[in-house]
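Undergrad: Kindly generate the complete structure, drawing on both the sequences and the hints.
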Amino acid sequence: RKEVEQDPGPFNVPEGATVAFNCTYSNSASQSFFWYRQDCRKEPKLLMSVYSSGNEDGRFTAQLNRASQYISLLIRDSKLSDSATYLCVVNMLPGGGADGLTFGKGTHLIIQP
Amino acid sequence: DTEVTQTPKHLVMGMTNKKSLKCEQHMGHRAMYWYKQKAKKPPELMFVYSYEKLSINESVPSRFSPECPNSSLLNLHLHALQPEDSALYLCASSTRPGLAGDEQYFGPGTRLKVS
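Protein sequences appear in the order of chains A and B.
For the first sequence, this note's numbering assigns the number 1 to the initial residue and increments by one for each residue that follows.
For the second sequence, this note's numbering assigns the number 1001 to the initial residue and increments by one for each residue that follows.
No lab work stands behind these hints, which were simulated from the structure alone.
Check before you lean on any hint, since a few could be wrong.
[Said to hold, decoys possible] Per label pair, the in silico range of CB-to-CB distance:
1. 1053(B) to 76(A): 35 to 45 Å
2. 113(A) to 1096(B): 18 to 28 Å
3. 15(A) to 1056(B): 34 to 44 Å
4. 27(A) to 1059(B): 29 to 39 Å
5. 53(A) to 1082(B): 43 to 53 Å
6. 1079(B) to 15(A): 47 to 57 Å
7. 3(A) to 1065(B): 38 to 48 Å
Computed from a predicted structure; not experimentally measured.
From the three backbone atoms N, C-alpha and C, an ideal C-beta is built for every residue, glycine too.
TA: See the structure below:
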């Protein structure tokens, strides 16, 4: 069973639309959850951490459902610059901290003009 | 400023060469990481340093040898690599080992080609 699963896409979405990505993780003891974005041939950049209470940063909203082991990312009013690969990332070991991150394979998003 | 720097940006080496990748951060972070990323794949963890001590080695072949000379620097020494080791090597750092929810910040990576 894969540890962090995402739909690879691609998602082709018109500019201005709302798009949602989901991700599931296998280790119920996982403590830390993140969304990163990665542009072609660049490093992953932290988009936002994901908290149980849900959190919002501008056009981006992240949700965590621990019971279902499910993480989501919602992008409102999508821009051309949102085109990227979105990586669902989990710190798999309990206690968080200096442990390596486990990445999903990423969801490729293409915003079309 | 969440900046992690890596040198060189690109590296081509033969299978008998010895080279080193360097990573530096001046954010006072006490955990540093090496990841390997192949094309169209997610990053995979190689090593974790916590307070300058190696805490995780994800069964990486001995031709990769990490070193953490001080809290700001992380090196990856390469020797007798194989063509399948060609990849993007990413360094990351985070604030404090043991801190739940600690966010990792990535450097731009070194794109390595072994021929």
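Undergrad: Honestly, do residue 1079(B) and residue 15(A) meet the 47 to 57 Å range at C-beta?
TA: Holds: the Cβ-Cβ distance is about 49 Å, inside 47 to 57 Å.
Undergrad: Between the beta carbons of residue 1053(B) and residue 76(A), is the distance compatible with 35 to 45 Å?
TA: holds (44 Å)
Undergrad: Is 38 to 48 Å respected by the C-beta to C-beta distance linking residue 3(A) and residue 1065(B)?
TA: Given a distance of about 27 Å, which is not inside 38 to 48 Å, the answer is violated.
Undergrad: Using the beta carbons of residue 27(A) and residue 1059(B), state whether their distance is inside 29 to 39 Å or not.
TA: violated (19 Å)
Undergrad: So does residue 113(A) sit 18 to 28 Å from residue 1096(B), Cβ to Cβ?
TA: violated (43 Å)
Undergrad: Take a look at whether the Cβ-Cβ distance between residue 15(A) and residue 1056(B) falls inside 34 to 44 Å.
TA: Taking Cβ atoms as reference, residue 15(A) and residue 1056(B) lie about 42 Å apart, which means the hint holds.
Undergrad: Does the Cβ pair residue 53(A), residue 1082(B) satisfy 43 to 53 Å?
TA: Cβ of residue 53(A) to Cβ of residue 1082(B): about 47 Å, so the range 43 to 53 Å holds.
When each numbered hint is compared with the structure, violations occur for hints 2, 4, 7.
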